[in-house]
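A.B. asks: Chains A and B supply the protein sequences, listed in that same order. In terms of this note's numbering, the first sequence opens at residue 279 and continues consecutively. In terms of this note's numbering, the second sequence opens at residue 279 and continues consecutively.
It cannot be assumed that every hint is accurate.
Any copy will do: because identical chains look the same in the list, a pair fits if it lies in one copy or spans two.
Claimed, not checked - Derived DSSO-like pairs: lysine-lysine, alpha-carbon spacing no greater than 30 Å straight-line:
#, residue 1, residue 2
1, 397, 325
2, 357, 397
3, 325, 357
4, 545, 345
5, 290, 325
6, 397, 420
7, 290, 397
8, 545, 397
Everything labelled a hint here was simulated from the structure, so no lab data went into it.
Number of protein chains: 2
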Amino acid sequence: MQLGAIEAGGTKFVCGIGDETGQIIEQIRIPTTTPTETLAGVTAFFKQHPVAAIGIGSFGPIGVNAKHRDFGYITNTPKAGWENFNFLGYIRTHLNIPVYWTTDVNVAAYGEYQLGAGKDIDNLVYFTVGTGIGAGVIYQGKFLRGFNHLEAGHILIKHLPTDHFAGVCPYHADCLEGLASGPALEQRFNAPAAELANRPEVWQLEATYIAQACVNYTLSYSPDRIVIGGGVMHQEQLFPLIREAFTNLLGHYTETPDVMNYIQRIKLNDDAGLTGCLLLANELIATGQTVGS
Amino acid sequence: MQLGAIEAGGTKFVCGIGDETGQIIEQIRIPTTTPTETLAGVTAFFKQHPVAAIGIGSFGPIGVNAKHRDFGYITNTPKAGWENFNFLGYIRTHLNIPVYWTTDVNVAAYGEYQLGAGKDIDNLVYFTVGTGIGAGVIYQGKFLRGFNHLEAGHILIKHLPTDHFAGVCPYHADCLEGLASGPALEQRFNAPAAELANRPEVWQLEATYIAQACVNYTLSYSPDRIVIGGGVMHQEQLFPLIREAFTNLLGHYTETPDVMNYIQRIKLNDDAGLTGCLLLANELIATGQTVGS
Numbered sequence: 279m280q281l282g283a284i285e286a287g288g289t290k291f292v293c294g295i296g297d298e299t300g301q302i303i304e305q306i307r308i309p310t311t312t313p314t315e316t317l318a319g320v321t322a323f324f325k326q327h328p329v330a331a332i333g334i335g336s337f338g339p340i341g342v343n344a345k346h347r348d349f350g351y352i353t354n355t356p357k358a359g360w361e362n363f364n365f366l367g368y369i370r371t372h373l374n375i376p377v378y379w380t381t382d383v384n385v386a387a388y389g390e391y392q393l394g395a396g397k398d399i400d401n402l403v404y405f406t407v408g409t410g411i412g413a414g415v416i417y418q419g420k421f422l423r424g425f426n427h428l429e430a431g432h433i434l435i436k437h438l439p440t441d442h443f444a445g446v447c448p449y450h451a452d453c454l455e456g457l458a459s460g461p462a463l464e465q466r467f468n469a470p471a472a473e474l475a476n477r478p479e480v481w482q483l484e485a486t487y488i489a490q491a492c493v494n495y496t497l498s499y500s501p502d503r504i505v506i507g508g509g510v511m512h513q514e515q516l517f518p519l520i521r522e523a524f525t526n527l528l529g530h531y532t533e534t535p536d537v538m539n540y541i542q543r544i545k546l547n548d549d550a551g552l553t554g555c556l557l558l559a560n561e562l563i564a565t566g567q568t569v570g571s
Numbered sequence: 279m280q281l282g283a284i285e286a287g288g289t290k291f292v293c294g295i296g297d298e299t300g301q302i303i304e305q306i307r308i309p310t311t312t313p314t315e316t317l318a319g320v321t322a323f324f325k326q327h328p329v330a331a332i333g334i335g336s337f338g339p340i341g342v343n344a345k346h347r348d349f350g351y352i353t354n355t356p357k358a359g360w361e362n363f364n365f366l367g368y369i370r371t372h373l374n375i376p377v378y379w380t381t382d383v384n385v386a387a388y389g390e391y392q393l394g395a396g397k398d399i400d401n402l403v404y405f406t407v408g409t410g411i412g413a414g415v416i417y418q419g420k421f422l423r424g425f426n427h428l429e430a431g432h433i434l435i436k437h438l439p440t441d442h443f444a445g446v447c448p449y450h451a452d453c454l455e456g457l458a459s460g461p462a463l464e465q466r467f468n469a470p471a472a473e474l475a476n477r478p479e480v481w482q483l484e485a486t487y488i489a490q491a492c493v494n495y496t497l498s499y500s501p502d503r504i505v506i507g508g509g510v511m512h513q514e515q516l517f518p519l520i521r522e523a524f525t526n527l528l529g530h531y532t533e534t535p536d537v538m539n540y541i542q543r544i545k546l547n548d549d550a551g552l553t554g555c556l557l558l559a560n561e562l563i564a565t566g567q568t569v570g571s
C-alpha cells in the first residue's frame, strides 16, 4: 500500500510517498509561497503518485481539536496568506482520501517514537531546537493535547543573570525559544550557529537553557526519555553539557532513567517527520478513520 | 457502601469515611509522628469503621509506577522514619481491602475534577500553593503520569531581576516552589502570609510567579481549566492579579478558554482531598480492582 506524507514548513513543503512500515520511497520539495500555488504543487504530486491516505505535519499554530471551529486550519501565523487557512479542508477536498492532521513537531516525535530513539518506551518528549523550539509529547502511544496542541517550546525559564541578551521571541521575549533557538544564538553572538562551533562559552550557555527545558519537561511529564533534534543540535558537543547541567539543575529531586539513556539525540534525523506522517496515515487505514488528529 | 479516605500529610493524617458519591460522613486527624504510631491510629479508625475500599493521597515523593520496586513507598522524604516506607503495603496488609494510591495533590485534583471547579471539563490542571507547591493533571479522566508522578510545582521559571530573594527550595533554590510557596513569602517579607494581606506589592509579585506557572502549564498541557488551591490562595485578591499577569505573559500566543473561566479557585476547599479519595476508592470497587494508582 502506498501512503503519503506532507511536512509543511514556513519555507518549504516536503511531500513524500512511502509504505506502511514508514519507509520513504520518493520525496519532493515545494517552496512555501501562497497556499494556492504551494498546494497546487502538492496535489499535483499526489495525483501523479496516488496514495491510500496522507499524514500531514504542519507549521502553526494550527487547530487540532475537532470540537473547535478552527479544526484543520493554520491559525494566527505571521506567514502572509496562510493565516486562517483551512489546510486540512483543502487537502480532503482535492484528494478525497483519509488525512491525519497534526503539528510538524508531532510527526517527527511520532517517527522517533515508532522507529527512532523512542521506539522501546511508553512516554516520549521530543523537542527540536532550530529556527524555533517546538515540543511534542507522546503519552501511551498518543499525542498529548487538550484544548489545543502543546506549545512547550515557549515555556518561561530562568534567564541567567549573566546573560544580558533580551531574547528573540516576538510574543514572550525571553521564553525558551526566545533564549535558545538558532536565531537567539545568532543574534546574541553575532554569527550563525555553525560559525560558533569553537567557542565553548556559547555551548555552555546554550546547554544550560536546553537543560532547563529538560528539567521542566521531566517535572511536567515524567517521560521515559527526552529526544532532541533540530539544526542547533548538530553541535554534538551540546549533549554531554546538557546532561551535566540537567543533573545539576534537577538536584536528584525526582527519579529518571539513567541520564545517558534519558536524554538522547534524534535518530531518524531529517526523515523523522516524513516517517511519522507515513505511520500516522497507515494508522488511519488500519482503524478505518477518514480523518485523524 | 461505606468507603475510606486517607490524606497523609507531613504534619497530620486526615482519615475519613464516606459514601460512593464522595460525601464525607466522619473524619479524624492523627498527628504524623512515626509510621508505626501514626498508622496504628489509622488502622484502629478503619477497624472501628469498616469500609469496602480506601483511597490514599500521600505526601511524597512516592512511587506510583507499578513496574518499579518503589511502588507504594514514600521514597526520599526528609521526614524522619518515613523514607523508603512501604505505606501501601502496610495498609493492604493490615486492612486487606482494595486501596487506591496516589499523591496528596492528585486526590484533591480528582475531587475538584469530579465535584468541584473542574466538573464540567475533560482536562484539568490543579495546583496548590501553600507550604509547598504541588500540581496534579487530570487528562481525559485519568492522572497524567509517566516514569513516576509529576512534580510540576518545582518547574524553573523566570526569577524577576527586581526580586533579590534567593528562594527556599532545598533542591532547586529559586524554582516555582522556591519563589512562590508560603515559606518563600514569609522569608522574603519577614512575616506570615496572613499578616501581609495589606501590602499590595507582595501580592503583585506573588501573582507574577503564579501566573508564570499558569503560562507554563497552559503551554505544556493545554488544559480546559486551571484550578488553584492551598493556604496562600486564601488571599483572594491574588486571582484578578494572576489573571491579568497571565494574559500579559502569554501574549495571546495560544488560545485558552476565557480567562475568568480558565483560572479559578478551588471549590471544595479542605474537603477536596478526602472527596477525591472516596471517589477513587469507589472506582476500584466499580472496576473490581484490588489496587490502583
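A.B. asks: Work down the list of hints and note, for each, if the structure agrees.
C.D. replies: Cross-check of the supplied hints:
1. 397 - 325: neither (33 Å within a copy, 48 Å between copies)
2. 357 - 397: neither (34 Å within a copy, 39 Å between copies)
3. 325 - 357: within (27 Å within a copy, 67 Å between copies)
4. 545 - 345: between (35 Å within a copy, 27 Å between copies)
5. 290 - 325: Result: close within a single copy only, 20 Å intra versus 69 Å inter.
6. 397 - 420: both (13 Å within a copy, 24 Å between copies)
7. 290 - 397: within (28 Å within a copy, 44 Å between copies)
8. 545 - 397: For residue 545 and residue 397, the Cα distance is within 30 Å only inside one copy (10 Å; across copies 42 Å).
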